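Participant: Single-letter residue listing:
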Amino acid sequence: KQEVTQIPAALSVPEGENLVLNCSFTDSAIYNLQWFRQDPGKGLTSLLLIQSSQREQTSGRLNASLDKSSGRSTLYIAASQPGDSATYLCAVRSRRGADGLTFGKGTHLIIQP
Amino acid sequence: EPEVTQTPSHQVTQMGQEVILRCVPISNHLYFYWYRQILGQKVEFLVSFYNNEISEKSEIFDDQFSVERPDGSNFTLKIRSTKLEDSAMYFCASSDEDREGNTEAFFGQGTRLTVV
Numbered sequence: 001k002q003e004v005t006q007i008p009a010a011l012s013v014p015e016g017e018n019l020v021l022n023c024s025f026t027d028s029a030i031y032n033l034q035w036f037r038q039d040p041g042k043g044l045t046s047l048l049l050i051q052s053s054q055r056e057q058t059s060g061r062l063n064a065s066l067d068k069s070s071g072r073s074t075l076y077i078a079a080s081q082p083g084d085s086a087t088y089l090c091a092v093r094s095r096r097g098a099d100g101l102t103f104g105k106g107t108h109l110i111i112q113p
Numbered sequence: 001e002p003e004v005t006q007t008p009s010h011q012v013t014q015m016g017q018e019v020i021l022r023c024v025p026i027s028n029h030l031y032f033y034w035y036r037q038i039l040g041q042k043v044e045f046l047v048s049f050y051n052n053e054i055s056e057k058s059e060i061f062d063d064q065f066s067v068e069r070p071d072g073s074n075f076t077l078k079i080r081s082t083k084l085e086d087s088a089m090y091f092c093a094s095s096d097e098d099r100e101g102n103t104e105a106f107f108g109q110g111t112r113l114t115v116v
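Chains as they are written, first to last, in my numbering: chain C, 1 to 113; chain X, 1 to 116.
Hints are computed from structural coordinates only; laboratory data are not their basis.
A quick note: this is a predicted structure, and the numbers were derived from the prediction, not measured.
Beta carbons: idealized from backbone N, C-alpha and C, even for Gly.
One should not assume that every hint holds.
[To be verified] Simulated coverage check for chain X against chain C, where a stretch passes if three residues somewhere in it have a Cβ under 8 angstroms from a Cβ of chain C: (1) 53-65; (2) 74-81; (3) 95-108.
Sequences and hints are given; from them, build the entire structure.
Facilitator: Here you go:
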């Protein structure tokens with residue numbers, strides 16, 4: 001059974017810092033991996049999707065990498081801003097099609113002004 | 001930009017009552033999902049739906065739950081005889097698959113279900 005772990009569980013840093021959020025998964029046979037952002041009491045906003053054949057994806061100040069063989073992904077946030085404060089979730093899909101996502105518990109990020 | 005919409009945003013129901021949570025997926029998507037998130041816990045997969053039938057379901061999705069696509073736009077989750085432990089945020093999601101096989105899931109804002 002796939003398990004997804006995210007480290008750290010919480011992180012508080014001053015504005016402007018670059019930071020790295022970590023995600024690991026136990027079964028490396030994944031189809032793709034998705035990073036989400038969740039604001040308190042709100043839905044999930046998709047940030048980046050990485051297919052299993054890809055090594056990284058970039059969107060603005062966000063960069064996600066994937067090392068499928070070691071079961072790891074990282075989300076890099078450059079020049080953090082207070083508006084980046086949220087919970088960041090990592091989720092993996094094992095097969096194409098209608099397969100559901102397996103989520104980690106998330107990293108709760110606070111960016112101090 | 002197309003989005004997944006869910007109604008209601010918050011529902012309070014008495015234990016033992018039936019509830020129906022509603023979702024309008026993104027119009028050209030083919031795969032539909034329900035997830036739940038109990039307060040302070042992980043987002044958990046419940047069920048996926050494709051081609052007018054359940055494609056996959058988790059252990060959580062027992063006989064108490066059912067899904068339906070009653071028309072061309074709505075996707076519903078019914079919970080029969082709700083229990084206190086059904087209190088959670090329920091998320092609907094939809095996805096499509098592009099030519100490269102990329103499947104990106106888009107989530108609604110959720111329905112907070114409170115069973116009293």
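Participant: Could you work out which of the previously given hints the structure breaks and list their numbers from low to high?
Facilitator: Structure breaks hint 2 only.
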